[in-house]
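J.: Spelled out, the chains give:
Protein chains: 6
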Amino acid sequence: MRMVEVGAKEKTERVAVATARVRMAPATLAKLRKTKGKAKKGNVLEAARLAAIMATKRTPDIVPLCHPIAITGVDASVEPVTVGVEIRVEVRTVDRTGVEMEALMGASAAALTVYDMLKGEDRGMVIEKVQLEHKSGGRSGTWNR
Amino acid sequence: MRMVEVGAKEKTERVAVATARVRMAPATLAKLRKTKGKAKKGNVLEAARLAAIMATKRTPDIVPLCHPIAITGVDASVEPVTVGVEIRVEVRTVDRTGVEMEALMGASAAALTVYDMLKGEDRGMVIEKVQLEHKSGGRSGTWNR
Amino acid sequence: MRMVEVGAKEKTERVAVATARVRMAPATLAKLRKTKGKAKKGNVLEAARLAAIMATKRTPDIVPLCHPIAITGVDASVEPVTVGVEIRVEVRTVDRTGVEMEALMGASAAALTVYDMLKGEDRGMVIEKVQLEHKSGGRSGTWNR
Amino acid sequence: MRMVEVGAKEKTERVAVATARVRMAPATLAKLRKTKGKAKKGNVLEAARLAAIMATKRTPDIVPLCHPIAITGVDASVEPVTVGVEIRVEVRTVDRTGVEMEALMGASAAALTVYDMLKGEDRGMVIEKVQLEHKSGGRSGTWNR
Amino acid sequence: MRMVEVGAKEKTERVAVATARVRMAPATLAKLRKTKGKAKKGNVLEAARLAAIMATKRTPDIVPLCHPIAITGVDASVEPVTVGVEIRVEVRTVDRTGVEMEALMGASAAALTVYDMLKGEDRGMVIEKVQLEHKSGGRSGTWNR
Amino acid sequence: MRMVEVGAKEKTERVAVATARVRMAPATLAKLRKTKGKAKKGNVLEAARLAAIMATKRTPDIVPLCHPIAITGVDASVEPVTVGVEIRVEVRTVDRTGVEMEALMGASAAALTVYDMLKGEDRGMVIEKVQLEHKSGGRSGTWNR
Numbered sequence: 151m152r153m154v155e156v157g158a159k160e161k162t163e164r165v166a167v168a169t170a171r172v173r174m175a176p177a178t179l180a181k182l183r184k185t186k187g188k189a190k191k192g193n194v195l196e197a198a199r200l201a202a203i204m205a206t207k208r209t210p211d212i213v214p215l216c217h218p219i220a221i222t223g224v225d226a227s228v229e230p231v232t233v234g235v236e237i238r239v240e241v242r243t244v245d246r247t248g249v250e251m252e253a254l255m256g257a258s259a260a261a262l263t264v265y266d267m268l269k270g271e272d273r274g275m276v277i278e279k280v281q282l283e284h285k286s287g288g289r290s291g292t293w294n295r
Numbered sequence: 151m152r153m154v155e156v157g158a159k160e161k162t163e164r165v166a167v168a169t170a171r172v173r174m175a176p177a178t179l180a181k182l183r184k185t186k187g188k189a190k191k192g193n194v195l196e197a198a199r200l201a202a203i204m205a206t207k208r209t210p211d212i213v214p215l216c217h218p219i220a221i222t223g224v225d226a227s228v229e230p231v232t233v234g235v236e237i238r239v240e241v242r243t244v245d246r247t248g249v250e251m252e253a254l255m256g257a258s259a260a261a262l263t264v265y266d267m268l269k270g271e272d273r274g275m276v277i278e279k280v281q282l283e284h285k286s287g288g289r290s291g292t293w294n295r
Numbered sequence: 151m152r153m154v155e156v157g158a159k160e161k162t163e164r165v166a167v168a169t170a171r172v173r174m175a176p177a178t179l180a181k182l183r184k185t186k187g188k189a190k191k192g193n194v195l196e197a198a199r200l201a202a203i204m205a206t207k208r209t210p211d212i213v214p215l216c217h218p219i220a221i222t223g224v225d226a227s228v229e230p231v232t233v234g235v236e237i238r239v240e241v242r243t244v245d246r247t248g249v250e251m252e253a254l255m256g257a258s259a260a261a262l263t264v265y266d267m268l269k270g271e272d273r274g275m276v277i278e279k280v281q282l283e284h285k286s287g288g289r290s291g292t293w294n295r
Numbered sequence: 151m152r153m154v155e156v157g158a159k160e161k162t163e164r165v166a167v168a169t170a171r172v173r174m175a176p177a178t179l180a181k182l183r184k185t186k187g188k189a190k191k192g193n194v195l196e197a198a199r200l201a202a203i204m205a206t207k208r209t210p211d212i213v214p215l216c217h218p219i220a221i222t223g224v225d226a227s228v229e230p231v232t233v234g235v236e237i238r239v240e241v242r243t244v245d246r247t248g249v250e251m252e253a254l255m256g257a258s259a260a261a262l263t264v265y266d267m268l269k270g271e272d273r274g275m276v277i278e279k280v281q282l283e284h285k286s287g288g289r290s291g292t293w294n295r
Numbered sequence: 151m152r153m154v155e156v157g158a159k160e161k162t163e164r165v166a167v168a169t170a171r172v173r174m175a176p177a178t179l180a181k182l183r184k185t186k187g188k189a190k191k192g193n194v195l196e197a198a199r200l201a202a203i204m205a206t207k208r209t210p211d212i213v214p215l216c217h218p219i220a221i222t223g224v225d226a227s228v229e230p231v232t233v234g235v236e237i238r239v240e241v242r243t244v245d246r247t248g249v250e251m252e253a254l255m256g257a258s259a260a261a262l263t264v265y266d267m268l269k270g271e272d273r274g275m276v277i278e279k280v281q282l283e284h285k286s287g288g289r290s291g292t293w294n295r
Numbered sequence: 151m152r153m154v155e156v157g158a159k160e161k162t163e164r165v166a167v168a169t170a171r172v173r174m175a176p177a178t179l180a181k182l183r184k185t186k187g188k189a190k191k192g193n194v195l196e197a198a199r200l201a202a203i204m205a206t207k208r209t210p211d212i213v214p215l216c217h218p219i220a221i222t223g224v225d226a227s228v229e230p231v232t233v234g235v236e237i238r239v240e241v242r243t244v245d246r247t248g249v250e251m252e253a254l255m256g257a258s259a260a261a262l263t264v265y266d267m268l269k270g271e272d273r274g275m276v277i278e279k280v281q282l283e284h285k286s287g288g289r290s291g292t293w294n295r
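Chains as they are written, first to last, in the working numbering: chain A, 151 to 295; chain B, 151 to 295; chain C, 151 to 295; chain D, 151 to 295; chain E, 151 to 295; chain F, 151 to 295.
No lab work stands behind these hints, which were simulated from the structure alone. This one's a predicted model, so the numbers in the text were calculated from it and none came from an experiment.
Given that identical chains are not distinguished, each listed pair holds provided it fits within a single copy or across any two copies.
No more than 20 Å apart at the CA atoms, straight line, and that leaves these computed lysine to any residue pairs for SDA-like: (1) K190 to T247; (2) K188 to E155; (3) K188 to V154; (4) K188 to S227.
Sequences and hints are given; from them, build the entire structure.
T.: In structure tokens form, the structure reads like this:
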């Protein structure tokens, strides 16, 4: 088992963007929109954004073979869309390896937080399309979905 | 903002089962099957199972309003299926609140681990259907998808 | 060195309330009020509330001799007052030892978060009056400041 | 919500010093002095120093929008003074952003540890003056209280 | 992969004692004795004791299949002996599963801390005899080495 | 108490190799060999390898005065030998301080994991010879046992 050696790679600017979606019942979504995110436990959208950012920093604790990375910035948006809530997390670094996992971890954490705060009303919600949208920097260059 | 008070709830046996799927390119899946999970970094399926179990224990660190819970047992399976890899995580406790989030967290962590270990070959993989399949125990009783 | 043995104590309902204050320059406070907490990094008050709740769960990681505790609920409020921002964190459990440290940890974390999000404008802010206001439950009974 | 991008900032030597004070009843302080810090749970002053250092490393876990930072050194002192215990934490790095929050987090953790180890005798202790004393390095230069 | 189900086991008082030894060069030991543990970085013996206690709480983060456990008490001693430093960690709980791993984790952490604080002088130190000495409580009853 | 300042040291390639051994009863070892590591809880050898890698990343959380380090790679092997299981962990970085503690932490975690997964059958197992085998890079140069 190994955490792949990256010591010989150059430190370059790297960006990764991941998205995820929480599909929910129309009634759950309608209520979320009406209350502007305020649920019994607090503001769902704000909590999910913060959870995304905090989770990017915990990526190497959760994903076993991820390198610890010096994240230089994170933007997280969590907004209601037609079928539920859409999450977008952008992570940036200047390091020897990319931040795809950090972005995906952040998006997953935001989705789990949305689920947690609304599950009392709608246990059937589904987290879907947790996916990389873009990465740039590093030897493998730019990739877009 | 609040972590909902559960002190008055009874400690009962509770179970939750969550699943997730990592959809991947046919070539990626074929190789995974052929090598029985052995990728450059190590055994993908074993690593994902362990990641699932370890992540269930970190749920309150990642999902902001989750209660710390005395998990009594976890089973994690990660297996190749027709379109990629299917993950199933079952979490059990005897506590005042359920383990739905723990099961979903475990399934997410396993999916992220699969992605991490195969992303060198297939960045387009998508994590989908992260969802609760079953819960039982507690005031709200049994729920099945 | 020891973590004091509490195995012989009874599991009882316990509550602790702690407060803290971030004293800031009038201009910083005026801006915080005017923007309803929205600073460059995001919503200061919401972030501090969430930080408080999450930190209560990390107390045994930060305070060396604290027992791990099954927190059953947390309420966190962070509001502007005359001289800055006032924080109040209430933690509840049904366990063998109290949650004073958890409440104080939460209040400290919220105060640090307020400082972090506004420090670009006002490095002179001071965290003060981090103190227990109330505890009840357990052998030593009720205590009020 | 965002963790502010610092990727374009230069890596420079940065220092931050924070202090805090635990005000306590004269009898509590007298006993602390008399026993040279040895309380029922162990050495209060040594435990608080170590807690300070360890907590500086956990800052990004507790303060939501803090960057992970490569701390290069920490000094922690915890000493009895006229009204209680005075804490001073100095943190150094060579990185893209400052270590003010790390120093303040360390000081808070030391103060909480002092409180925890003496609370059996004096629940009324107050943590006060958690404040930055000095920072240097980086674009905004030197700041002294 | 599984974390074995313990939900059906009874909550009983359980104790585990583990020991470990750091064997070191006579000169290193002589100096440690002479300085009463005070090395360049601080007090070796105090730091190791605290590290032991704190590590017992992190056991489920480090040992993948360990259950999270409500530790009720820990005693840690770290003392110079004929060939180096002897560590003894006793952990107690009232829970469904034993605390052997917690005691062994604490002993290991203390040993690593001793190594870390003295390694500048003696890289050849060896951690040995990390072993369970005693356990009691639970279905399998008492065991002594 | 201090975390020694390393800001003035150069960032260089550094490697450390640590080993550890879990001595076990012949019957335990025979069964481990026969089942190729598959115990009741899962694959012992795979779990121990992964535990080693994950633990290297947690070193500064467990060893109080360790610096946070940007690990660039880890290799972990865990194999049956004549008297039990032999563990070897190699950690690499390009940083200001060495990774000896990371390698020793990884080896300890793997040993604890082996113990945990086999302790139902053999509580008398002993972790021994947790030791540095090699380090290179940095001011103090190369060291071999």
